[in-house]
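On the provided structure of chain A, position chains B, C and D as indicated by the hints.
Taken in order, these protein sequences are the chains called A, B, C and D.
Terminal number for the first sequence in my numbering: 160, no gaps in between.
Terminal number for the second sequence in my numbering: 160, no gaps in between.
Terminal number for the third sequence in my numbering: 86, no gaps in between.
Terminal number for the fourth sequence in my numbering: 86, no gaps in between.
Worth flagging that the hints you see were computed from the coordinates, not collected in a lab.
Bear in mind the structure is a predicted one, so any value in this text is a computation, not a measurement.
C-beta: ideal position from N, C-alpha, C; glycine also.
Among the clues, some could well be false.
[As the list claims (entries may be wrong)] Taking lysine to aspartate or glutamate and the DMTMM-like style, the derived pairs with C-alpha atoms no more than 25 angstroms apart in a straight line are:
1. Lys15(A) - Asp27(B)
2. Lys76(D) - Glu4(D)
3. Lys88(A) - Glu4(D)
4. Lys88(B) - Glu13(B)
[As the list claims (entries may be wrong)] From the derived model, a few chain C residues whose C-beta atoms are all more than 12 angstroms from chain B:
5. Leu24
6. Gly41
7. Asn42
8. Gly75
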Amino acid sequence: MSAHHCTVVDIAEGKLDPAAALDFVSDPAFGGITLFVGRVRDFNVGRDVTGISYDMFVPLALNGFADIAARAEHDFGGKLKLYIGHAKGRLGLGDLAMVVAAGTPHRDEAFRACRQVVEAVKHTSPIWKQEHYIDGDSIWSEGCSLCEHTDSAHAQHDHA
Amino acid sequence: MSAHHCTVVDIAEGKLDPAAALDFVSDPAFGGITLFVGRVRDFNVGRDVTGISYDMFVPLALNGFADIAARAEHDFGGKLKLYIGHAKGRLGLGDLAMVVAAGTPHRDEAFRACRQVVEAVKHTSPIWKQEHYIDGDSIWSEGCSLCEHTDSAHAQHDHA
Amino acid sequence: MKVEVKLFGAFRDHQPDPLVELELSDGATITDLRHALEAYGNAHWPKFCPKLLKYSAFASEKAVLRDTDAIPADGKMAVLPPVSGG
Amino acid sequence: MKVEVKLFGAFRDHQPDPLVELELSDGATITDLRHALEAYGNAHWPKFCPKLLKYSAFASEKAVLRDTDAIPADGKMAVLPPVSGG
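One chain only, chain A, in its complex shape:
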């Protein structure tokens, strides 16, 4: 599946690069490219945030990214290139947590494929976010259960 690039970048070793994502999904046959960047912001649910740590089960996450890409390819046809990248480790304000890009012949598919992949990564990837606050407190975010018995009953999750 050379049309899709899935990566996890440890913040200690490097940063996610939106330009590389755009380059990867560019193609002479593609007129539309949509990119999503998730950044660590300074405020969430009423508290001042100083950073976010991302814990991740890397091999399963990469397997899942490949599954998500295969699903998008099925849904949007073969003329699709995807870049799926997520950061790992302790991120500071403004650091990039997630970069997803989709390239397709036409813009509608690019927007929809990008959105579908972003939602799938956020709701199904084995990634856990711990927010650090200005008062020194840290809290693991509530999230989406991956249990079959809670399929339709997500634990409450925020939309960061």
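Below, chains B, C and D without anything else, positioned relative to chain A:
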């Protein structure tokens, strides 16, 4: 309206820069950034394309971009930064025709604002596309009428 | 009043200079301008397509105008065929 | 069989080493593992929250497993609390 940057770049003088668009819409309070890039592709409606010329009524286009941004700000709240850029002149394959970026606190608004702006630019801006084909022929694309009396009856237009 | 009409898109193919000068009565509307440009096109442009003009709008540098609007006093107008940006 | 369970997310706060070793009977299922980890948590983790475990899934490096699935032969498992990527 310093939260929005609207620009027209003549291909003879420079290129649209997605990185500049991402930088412009980034903000410590924003967790979601969505970017759209429209590129000249090599094939359209069954013909091999060698390039596209964009004609534009620049002052009216820039006025329209500002209106589009104001409308998005109204629809998605004040916590929004937009970058709206369009190229002008004779573009070659792979050149960037359009770059739109939206930054917001949460991703849903970023996706929706970016899409809304892209559609508005394509359907209402005084910009005209002439495709050049490998056989030497050139054709002005059909488009969306701006006449009030054809409001709900667009002339046929392609979705490049 | 003298009205200058800038040509865009497919209208540019009709003549090298992308500007047409028309003479209209003072207080003329966009509808009057539309008729005057149609007459000009029929007279001067061998490949003129009245249907394209029918789907075209008229605008100043600030806004697209309605058919019932008066032509602005400076007489600086543009004719906008159906748009195809992006 | 010996089963190694990697801890992620909030489970990491319970102990410095993010790995728990459990002894289960051969042919044990994910449900058996769930019960064994609950017993381990109750015994060793003062702040253990059974409700979080209830909403947690179990996975190999390849896939999330169902409660009725057998534990893979290599016994290498991970417990996944509700996820919050992005």
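Hint check:
1. As the CA atoms of Lys15(A) and Asp27(B) are separated by approximately 18 angstroms, the hinted pair is consistent with the 25 angstroms bound.
2. Of the pairs offered as hints, the one joining Lys76(D) and Glu4(D) holds, with about 5 angstroms between alpha carbons and a cut-off of 25 angstroms not exceeded.
3. As the CA atoms of Lys88(A) and Glu4(D) are separated by approximately 23 angstroms, the hinted pair is consistent with the 25 angstroms bound.
4. With a C-alpha separation of about 10 angstroms, the suggested pair Lys88(B) and Glu13(B) falls inside the 25 angstroms cut-off, and the hint holds.
5. Every beta carbon of chain B lies more than 12 angstroms from that of Leu24(C), the smallest distance being close to 19 angstroms; the non-interface claim holds.
6. Distance check on Gly41(C): its Cβ is at least 16 angstroms (rounded) from any Cβ of chain B, clearing the 12 angstroms threshold; non-interface status holds.
7. For Asn42(C), the requirement that its beta carbon stay farther than 12 angstroms from each beta carbon of chain B is met, with the minimum near 20 angstroms.
8. At roughly 16 angstroms, the least C-beta separation between Gly75(C) and chain B is larger than 12 angstroms, which holds for a residue marked as non-interface.
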